[in-house]
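Peer 1: Chains as they are written, first to last, in the numbering used here: chain A, 16 to 312; chain B, 16 to 312; chain C, 16 to 312; chain D, 16 to 312; chain E, 16 to 312; chain F, 16 to 312.
Note that these hints are calculated values from the structure, not bench results.
Just so you know, nobody snuck in bad clues.
For chains that are exact copies, the list does not tell them apart, and a pair is met inside one copy or across any two.
In silico lysine-lysine, BS3-like type, Cα no more than 30 Å apart, as pairs:
1. K188 - K247
2. K258 - K188
3. K188 - K257
4. K253 - K188
Owing to the predicted nature of the structure, the values given are computational and were not obtained by experimental measurement.
Number of protein chains: 6
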Amino acid sequence: MTRLTLSLACITVLGFALPMLAVAQTSSSEPLRIIMFGAHPDDCDIRSAGTAAKWAALGHKVRFVSVTNGDAGHHEMGGGMLAMRRRAEAEEAGRRLGIEYVVLDNHDGELVPSLDVREQIIRQIREWDADLVLGPRPNDYHPDHRYTGVLLQDAAFMVTVPNIATRTPALRKNPVFLYYQDGFQRPNPFRPDIVVDITDTVDKKIDALDAHVSQFYEWLPWHAGYLDQVPKDPVERKAWLKKSRAGNITPEVRAALEKTYGKDAGSKIEYAEAFEICEYGTRPTEADIKRLFPFLP
Amino acid sequence: MTRLTLSLACITVLGFALPMLAVAQTSSSEPLRIIMFGAHPDDCDIRSAGTAAKWAALGHKVRFVSVTNGDAGHHEMGGGMLAMRRRAEAEEAGRRLGIEYVVLDNHDGELVPSLDVREQIIRQIREWDADLVLGPRPNDYHPDHRYTGVLLQDAAFMVTVPNIATRTPALRKNPVFLYYQDGFQRPNPFRPDIVVDITDTVDKKIDALDAHVSQFYEWLPWHAGYLDQVPKDPVERKAWLKKSRAGNITPEVRAALEKTYGKDAGSKIEYAEAFEICEYGTRPTEADIKRLFPFLP
Amino acid sequence: MTRLTLSLACITVLGFALPMLAVAQTSSSEPLRIIMFGAHPDDCDIRSAGTAAKWAALGHKVRFVSVTNGDAGHHEMGGGMLAMRRRAEAEEAGRRLGIEYVVLDNHDGELVPSLDVREQIIRQIREWDADLVLGPRPNDYHPDHRYTGVLLQDAAFMVTVPNIATRTPALRKNPVFLYYQDGFQRPNPFRPDIVVDITDTVDKKIDALDAHVSQFYEWLPWHAGYLDQVPKDPVERKAWLKKSRAGNITPEVRAALEKTYGKDAGSKIEYAEAFEICEYGTRPTEADIKRLFPFLP
Amino acid sequence: MTRLTLSLACITVLGFALPMLAVAQTSSSEPLRIIMFGAHPDDCDIRSAGTAAKWAALGHKVRFVSVTNGDAGHHEMGGGMLAMRRRAEAEEAGRRLGIEYVVLDNHDGELVPSLDVREQIIRQIREWDADLVLGPRPNDYHPDHRYTGVLLQDAAFMVTVPNIATRTPALRKNPVFLYYQDGFQRPNPFRPDIVVDITDTVDKKIDALDAHVSQFYEWLPWHAGYLDQVPKDPVERKAWLKKSRAGNITPEVRAALEKTYGKDAGSKIEYAEAFEICEYGTRPTEADIKRLFPFLP
Amino acid sequence: MTRLTLSLACITVLGFALPMLAVAQTSSSEPLRIIMFGAHPDDCDIRSAGTAAKWAALGHKVRFVSVTNGDAGHHEMGGGMLAMRRRAEAEEAGRRLGIEYVVLDNHDGELVPSLDVREQIIRQIREWDADLVLGPRPNDYHPDHRYTGVLLQDAAFMVTVPNIATRTPALRKNPVFLYYQDGFQRPNPFRPDIVVDITDTVDKKIDALDAHVSQFYEWLPWHAGYLDQVPKDPVERKAWLKKSRAGNITPEVRAALEKTYGKDAGSKIEYAEAFEICEYGTRPTEADIKRLFPFLP
Amino acid sequence: MTRLTLSLACITVLGFALPMLAVAQTSSSEPLRIIMFGAHPDDCDIRSAGTAAKWAALGHKVRFVSVTNGDAGHHEMGGGMLAMRRRAEAEEAGRRLGIEYVVLDNHDGELVPSLDVREQIIRQIREWDADLVLGPRPNDYHPDHRYTGVLLQDAAFMVTVPNIATRTPALRKNPVFLYYQDGFQRPNPFRPDIVVDITDTVDKKIDALDAHVSQFYEWLPWHAGYLDQVPKDPVERKAWLKKSRAGNITPEVRAALEKTYGKDAGSKIEYAEAFEICEYGTRPTEADIKRLFPFLP
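Kindly generate the complete structure, drawing on both the sequences and the hints.
Peer 2: Okay, structure coming up:
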């Protein structure tokens with residue numbers, strides 16, 4: 016069987032026989048199933064709403080999951096009432112992107128990599144029958160971000176073990192796990208294994224961010240000390256948002272874009288999202304990546 | 016408004032003004048919503064399947080919830096595989112009774128009154144929009160039983176607080192909470208506040224117990240040392256089950272039956288279930304009890 | 016030495032030699048030091064602001080401690096912002112009563128009897144150098160109330176152990192611990208060991224409750240469904256508050272009042288607060304009670 | 016089979032069919048196996064060293080287990096070094112009584128009823144293959160005492176479940192569980208179900224207490240404020256110890272002694288220990304009690 | 016003293032004075048004491064059974080410890096019953112290798128780096144009086160593997176602190192700690208500091224793996240989707256096992272083999288195990304390595 | 016505004032817009048506020064007492080915080096009594112350095128990165144209104160050191176969130192966070208971003224270490240096996256301490272010294288302390304570093 020041979024070949028390179036399944040072949044007619052995790056109800060959007068919108072446009076199924084309910088992310092509100100507001104904002108962002116948005120009920124600013132939250136994440140991945148799981152690296156400036164990264168690593172592989180969390184049937188395959196881009200260098204920098212030109216969806220992305228009113232127009236500007244610079248006019252403030260939040264392209268990502276899209280095209284891309292392959296999920300082959308990112312050239 | 020007056024009257028008797036809502040009036044055309052908790056997937060059945068069957072027969076909505084998945088309750092199986100078997104048995108018992116049966120995924124024999132499990136219970140009660148909640152007292156021979164009792168007490172009232180577990184909207188009324196009957200005397204014995212003649216549904220009850228094959232025909236007899244006495248024949252073993260598990264009537268319950276059903280009728284009832292009103296739920300008036308137990312005389 | 020003899024006599028009656036110190040004699044010129052615990056920033060006020068005001072009027076030192084910050088106690092606010100509002104309300108209540116009010120930073124609705132919170136309480140009692148500690152029984156309708164009761168029991172005696180929480184020097188005497196009155200009957204009812212006529216301070220008490228605007232005029236009426244009945248006018252609403260919150264006198268408390276204040280005077284007292292002696296603190300003699308409650312006849 | 020019939024009879028009385036085994040018959044030639052738990056390395060001694068010495072004298076096997084290592088029980092020492100001293104004292108006390116003494120390694124003053132400590136206790140009971148388990152009630156002045164009581168309740172029955180703590184094979188019978196005497200009244204007082212005249216072993220008991228030098232001659236007198244009254248001379252201080260620590264006989268215990276030993280003999284007994292039957296272990300019949308306490312008349 | 020001089024020299028290189036003891040000199044006549052940790056009852060075998068067999072052949076003492084009981088590692092069994100089967104398999108593997116095999120009782124798939132499990136590991140290392148401790152790096156595809164790595168790091172040094180876990184006397188020397196080989200690259204790849212030619216014991220190693228029937232012939236093939244390829248015949252399946260599980264040699268390990276065994280011999284070695292020195296144990300000198308790995312050239 | 020422009024420039028380089036505040040400008044007349052964390056009451060001293068003394072000499076405010084109370088750091092003492100001794104030693108060290116020394120009350124050898132301890136640290140940083148926070152990296156030989164590093168990372172940024180730990184008002188700026196030097200290489204070595212010549216304060220540093228009698232003259236030498244080499248004479252032992260504990264200069268630190276102080280001067284510096292900038296605090300510009308380390312050339 017081709018699939019198995021490939022899988023064992025991969026094992027040979029590593030020198031270690033891991034009990035991992037190859038990426039199951041889904042027939043081209045079935046939509047891909049992608050699940051993304053963020054610590055707060057806006058993190059997925061910042062990191063990969065552009066790519067999410069590309070999948071959604073092709074009819075693939077995307078779910079964003081916020082592991083905390085965001086109940087600490089404001090300077091004038093808090094608790095359950097803020098959580099409700101942010102859940103509504105997240106659901107609106109989901110509608111704009113054409114995806115599902117789930118907000119789990121763990122306290123913002125108090126996330127720890129407990130078995131309880133790990134199990135919540137295992138269930139999300141299983142229920143979504145995910146081909147692909149995305150989330151932050153365990154290195155980032157906010158402890159909730161870091162522990163979301165740890166929790167995802169801890170859920171990888173365990174999603175396939177039938178004796179764990181039996182109420183939600185186990186997957187027969189370990190999904191591919193990817194990390195979002197970040198700028199942290201220690202203990203090792205982000206590596207852009209996969210880069211996506213999001214020029215065609217960057218406005219959708221900004222549209223999603225724009226739905227998180229409590230964050231991009233209130234809390235984050237207040238926190239950074241420039242609340243007075245937020246435009247009042249809805250159109251103006253979305254433009255302002257695009258200017259400051261559409262993301263910059265690092266030299267490493269630029270190099271990867273040129274490799275993926277060709278020297279010339281790659282050098283001109285203005286908006287991109289990048290991902291690193293996590294070693295704890297199934298390691299995708301080149302063919303797997305093509306299939307999972309059907310919009311790549 | 017009558018409701019409020021009653022509620023304040025109740026407060027006056029106690030001498031303490033509790034922030035509790037009176038039992039909301041549900042119009043007679045809407046079905047009652049009852050939720051019962053047990054520690055293991057057979058506990059609700061033993062304690063009150065007879066009464067559950069009476070509610071179900073009248074079109075009311077009943078859900079049984081097992082707080083643990085029962086994964087330690089056998090001498091030859093265990094873990095997730097046993098949990099799956101017991102979930103299937105519980106669902107079969109539910110079908111036989113005409114009710115829903117939910118099995119949560121906490122380890123059997125390891126239940127503790129954590130905030131995590133409390134929140135699971137709060138969500139169950141809220142999602143079911145319960146009028147009535149039943150469960151064990153915090154006194155019983157099995158630690159899982161005791162902690163199920165504690166967890167229910169800890170969920171009472173909190174089901175009405177909107178800032179708690181915001182993903183599942185809070186109830187506007189604290190349900191009535193009842194304890195199942197048990198035989199323990201310390202620190203104080205069970206008090207049969209409400210007693211129900213289950214003569215007409217005792218066979219349904221035995222039918223439900225009979226679905227828990229792993230328990231009543233395997234584990235419990237093995238544990239008690241009389242596995243060899245379990246009949247092989249399906250009809251015989253159900254009869255054997257009825258003889259040993261239909262319950263005995265204590266003098267206190269007998270007295271309450273005579274009070275409720277009349278001296279004569281009450282003295283002849285062979286099968287009954289009894290309940291004690293928990294002080295931490297809404298305290299039902301006589302009228303509330305009539306409405307919640309519409310089959311009482 | 017007289018003190019020791021009394022103490023050993025007490026031990027003989029119980030038949031058990033407990034390593035407890037007798038109540039230390041404080042010379043009459045030193046003020047008494049009383050600390051009261053509640054689960055939320057208004058609980059102490061409801062249970063014993065009247066007695067607190069009496070102590071304060073005589074120059075004794077009283078501290079109220081709310082073990083949670085009350086961040087779940089509202090229907091339109093929550094989290095840290097609500098906690099800040101309630102801390103300010105509590106401090107205002109303290110000013111009105113002539114006492115200190117401390118609000119600890121544990122989440123409302125999520126209190127558990129952990130070692131961490133136990134240690135917070137041990138430190139409060141030690142720092143206050145308390146002669147007398149008051150709090151709820153471990154039986155009450157709200158889990159935070161119950162666990163505050165458990166935590167106080169768990170702090171009793173441990174406040175005297177020098178190896179525990181060494182940063183705050185241990186007390187040389189275990190204080191007297193008292194429970195507030197409540198109406199719960201299971202597993203055993205409240206016993207009014209000490210009763211206090213608060214007729215002269217009931218208006219101070221209502222004044223303190225009135226400072227908790229978020230609670231008595233917003234959250235609690237909303238929760239109980241009569242928000243529309245709250246008067247808008249400040250004077251009117253305080254009168255309304257007194258009518259509904261000044262407390263009722265149960266037959267048991269009435270009997271104790273008649274015993275303490277004399278049949279005639281006791282039968283006419285309109286406002287009272289009552290306390291039960293906790294077995295885990297130092298057991299006060301009659302003389303101790305006289306000294307600790309100098310306003311008793 | 017007689018055993019089973021008795022067991023079922025017992026079940027009938029309670030009206031509830033508990034999955035409990037009857038007390039297994041041990042042939043008279045095999046020694047009884049008794050295990051006693053205390054929170055600290057001297058608690059078992061105070062509560063029942065007299066009875067332990069009687070069992071030991073008849074060749075029965077007794078183990079004392081201290082659930083904490085006592086590392087907070089001193090005013091001039093602490094931590095691991097104190098734990099080592101107290102372990103040595105406990106072992107010496109064990110030698111004097113002719114029993115085993117095990118000191119577990121949990122912190123003194125920080126005991127909580129966790130699954131981890133519960134499992135330690137389950138293993139102790141199983142390894143000892145106990146017929147009889149003794150410990151404190153969950154009501155007592157020291158939190159470690161109370162939680163030791165809770166932990167024992169939580170270990171009862173679970174010692175018989177093979178899926179729990181599999182490394183130590185489960186018992187086929189739930190032992191009889193007894194509580195030590197204490198003087199606490201809330202929520203309910205101790206009930207002397209079994210009383211033992213220890214006149215012939217009271218000196219052995221005092222001898223055992225005398226081995227806990229750090230406690231009876233240092234920490235406890237210091238704590239209670241009479242360190243200066245402790246005699247320096249070894250013989251004198253043991254006499255002093257006997258005078259203050261041999262225990263008093265409450266009216267309830269006196270009545271039980273007269274019932275057990277006869278009106279006349281019972282009225283004269285000077286030293287006794289008393290026990291209450293815990294509802295969560297196997298309920299012993301009169302014959303079981305005779306067999307388990309072979310020195311009773 | 017030579018030992019101390021060496022130790023201080025080592026400190027100078029690092030620029031930091033660590034409170035570490037030099038590797039104690041054991042006279043050549045005393046056997047070495049090696050303890051290896053794995054997360055599951057087959058992990059030690061996969062990683063280093065070949066080297067273990069070499070030590071055992073020379074009369075040195077080796078203990079394998081599985082930190083979890085493996086109760087989730089199957090598709091048709093689970094819980095305590097699976098744990099019992101795997102304990103028996105592990106003990107059989109130990110017999111085949113001439114070593115001890117201990118299986119701790121923590122749940123498979125639920126390992127967290129708690130103080131409780133850390134203490135279990137500290138006790139194992141102390142009881143074994145280990146010269147050498149081996150375990151996984153904190154980077155690996157299974158959360159239990161990673162946390163076993165964390166737990167070992169957390170036990171290092173603490174095994175020498177007498178105030179910790181006093182029931183098991185502290186070691187006077189911090190052992191050498193080594194990591195097993197793995198193929199993970201992030202945050203940094205495995206570094207083969209010590210490599211061992213296991214050509215002479217590879218069949219012993221396969222023999223040990225063969226004892227874990229539930230794993231190598233059932234669960235792992237089922238999980239990876241090739242259960243149908245497992246030979247039925249005992250001889251054939253062992254050959255199949257050797258082919259797939261004896262391990263591959265990475266370029267880095269090959270280079271280290273050539274350095275250790277000589278260019279020529281090293282280039283021909285077919286089966287090897289490799290180890291990285293952990294910075295948190297005693298850092299071994301070249302001489303220490305020679306002594307600890309007496310079969311190295 | 017200059018401040019904001021700089022901050023946004025920094026964001027552009029990283030390619031990620033982090034909600035971080037720029038380092039607030041403190042006018043030159045206000046003293047700097049520096050807080051340093053160590054796991055034990057001597058860790059801050061070893062790592063940076065020289066630099067602390069330089070700040071103190073210029074009138075800046077420095078607080079050392081020991082996260083544990085050091086109650087396991089001795090071979091002949093332990094527990095609360097040792098904690099008290101070490102607190103006194105730490106306070107003496109603080110007096111000698113002209114700084115404050117706070118010892119928190121968490122157990123030595125049992126530190127875990129819990130929310131409870133994180134909150135203690137958040138409060139310390141906020142109460143001190145810190146411009147600069149220093150602590151260990153999460154790589155070090157002692158688990159308490161590593162978890163202190165994790166806890167500091169987890170407190171960074173959260174100190175600025177008003178909804179967290181509301182009792183202590185949040186900072187409006189995320190301080191600069193620095194790591195102390197250590198010698199560990201995995202997963203990545205320490206990087207000397209900032210180096211300080213402490214030649215003028217090294218004797219003050221040794222003076223501070225000298226105050227920790229229980230550590231430098233008792234426990235550490237005993238642990239390392241050279242207790243007999245500790246001089247008895249106070250002057251001699253301080254000289255001995257300087258010889259062994261003043262620190263060595265690694266090649267990386269030497270290179271940084273030459274860069275900072277000039278090739279010539281830098282090559283001759285005998286005593287230095289070095290720091291790495293943590294990515295989770297505010298990233299200081301060159302100007303910020305000059306301002307925060309006013310004694311740098």
